[in-house]
Each structure stands twice: as structure tokens, then as C-alpha cells.
Amino acid sequence: AQSVTQLDSQVPVFEEAPVELRCNYSSSVSVYLFWYVQYPNQGLQLLLKYLSGSTLVKGINGFEAEFNKSQTSFHLRKPSVHISDTAEYFCAVSRGSNYKLTFGKGTLLTVNP
Amino acid sequence: NAGVMQNPRHLVRRRGQEARLRCSPMKGHSHVYWYRQLPEEGLKFMVYLQKENIIDESGMPKERFSAEFPKEGPSILRIQQVVRGDSAAYFCASSPSAGGADTQYFGPGTRLTVL
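Chains A and B are the protein sequences, given in the same order.
Here the first sequence is numbered in the numbering used here, starting from 1 and rising by one per residue.
Here the second sequence is numbered in the numbering used here, starting from 1 and rising by one per residue.
If you're looking for bench data, these hints aren't it; they were derived computationally from the structure.
Among these hints, one or two may not hold up.
Under the rule of at most 25 angstroms between Cα atoms (straight-line distance), these lysine-lysine pairs were calculated in the DSS-like manner [stated by the list, open to error]: (1) Lys100(A) to Lys49(A); (2) Lys27(B) to Lys105(A); (3) Lys100(A) to Lys51(B); (4) Lys49(A) to Lys27(B); (5) Lys62(B) to Lys100(A); (6) Lys100(A) to Lys58(A); (7) Lys62(B) to Lys105(A); (8) Lys58(A) to Lys105(A); (9) Lys49(A) to Lys62(B).
Derived coverage of chain A by chain B (criterion: at least 3 residues anywhere in the stretch with Cβ under 8 angstroms from a Cβ of chain B; other residues may be distant) [said to hold, decoys possible]: (10) 11-17; (11) 37-50.
Fair warning: this is a prediction, and the values are worked out from it, not measured in the lab.
Ideal Cβ placement from N, Cα and C applies to all residues, glycine included.
With these hints in hand, go ahead and build the complete structure from the sequences.
Below is the structure:
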């Protein structure tokens, strides 16, 4: 069975600072990796996904993530955050042809002025 | 192009009542998934449906929960005789095809509160 660990439940940062949200997964086979963002009282919106190819994936709103197979990680980064990036971020994994997404518990990013 | 729609957005029920949650997938999507988000937890898969068929209900509690996706109309997640532990956010997602690489598009969720 696969699992996803988001190491930080909360990450407070100041506006314009860089941020990294960590995600590790466990799976013995090839996986597909996703980052979703959930703004307050809204549904989940896809930020980016890794399927294959280049290990650096660029997404919306200036976010990017790097797939590291040896460390089974898929950390999300942004070089300069805005107040509007305040939200909960979820890392998710699926495997092969299996449609089931396994989610981490989420990281609440709070951007302060 | 409208996204995934869910209603109601908020639902309050007393213990023992029934809850019906509705989900209309994105246009052109025939694959629907339901996930539950308990407080302080990530989303957990419940069920996957195609039109008129339940494909995978391995994440659904064995009792009181049921789901359908009729030929016409939205998908329905039904919870009978609700208990306080059913309080959660229920999200529906849809996709044009079903596979690990396919993006699932999520609706805004229904937040169920059981008094």
C-alpha cells in the first residue's frame, strides 16, 4: 500500500520569502505525483503533477516541484510567496493504472505581511 | 466550461436522519469519484463510479453509505441514519478517463455537520 507523508502540518512565512513544502511517499512501484491547493471553504485545485520525464515540474501561480526518486520525495517550492498563497496544500500519489489518489494530511501555509 | 458542481455546500443533519449529497461532473467527464475529508486529515477515497455502474467502492463504509450515478442527472452519495462521526467534508471529483495519470478535477465539497 502506498502512503504520503507531509512533514510539516503548518508553515508560517513572511510575504516575499521563499517557501518549501515537503512531501515524501512510499511505494515500491512507479508513481504519479500531484500537488493540490485548497483555499478556505473551496475545493481542491491542481497546482502541478509529475508523470514522467524531467524531474522539475512547473505549475500554476509560480510553484514548482522536484521529483527525487532516490529520496522518494516531491517537495513543492516557490521563490517568493504572496499573501494570496495562504491555503492548505496537499500532496497526492497514484500508481500505474490505479485511479485512487492517496493524499497526505496537508500543510497549512500562512503568509504574513 | 463549468467545473465540478456540488450541492448543497453545507448540510446540517440530526443524528438518525438521512443526508443526500449531489455531484455534477464536468461536461464530457464520465468518471466520478467521492472522497471524504475528516478534520485534520487528508482526503480518503470512498467510491468510483461510471454512468450507471459502481466500479470500486472499496473505501466506502459497509453500512449506511451508498452511491449512484444514474444515466441522467447527478451522482448521489447517500448516508442513512447519520452519526456524529459522519461529520466531514465530502468532495466529488471527475475525470474524462480513469487511470493513475489522469487529473481528477474536484468540486467545492459539501460540508456535513451532524448534530
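Now for the hints, and whether the structure bears them out:
1. Lys100(A) to Lys49(A): holds (15 angstroms)
2. Lys27(B) to Lys105(A): violated (30 angstroms)
3. Lys100(A) to Lys51(B): holds (18 angstroms)
4. Lys49(A) to Lys27(B): Within the cut-off at roughly 22 angstroms; holds.
5. Lys62(B) to Lys100(A): holds (18 angstroms)
6. Lys100(A) to Lys58(A): Holds - the C-alpha atoms of Lys58(A) and Lys100(A) are around 23 angstroms apart, at most 25 angstroms.
7. Lys62(B) to Lys105(A): holds (24 angstroms)
8. Lys58(A) to Lys105(A): holds (23 angstroms)
9. Lys49(A) to Lys62(B): Given pair Lys49(A), Lys62(B) is violated - Cα atoms ~33 angstroms apart, limit 25 angstroms.
10. 11-17: Answer violated; 0 residues pass the 8 angstroms Cβ test.
11. 37-50: holds (count 7)
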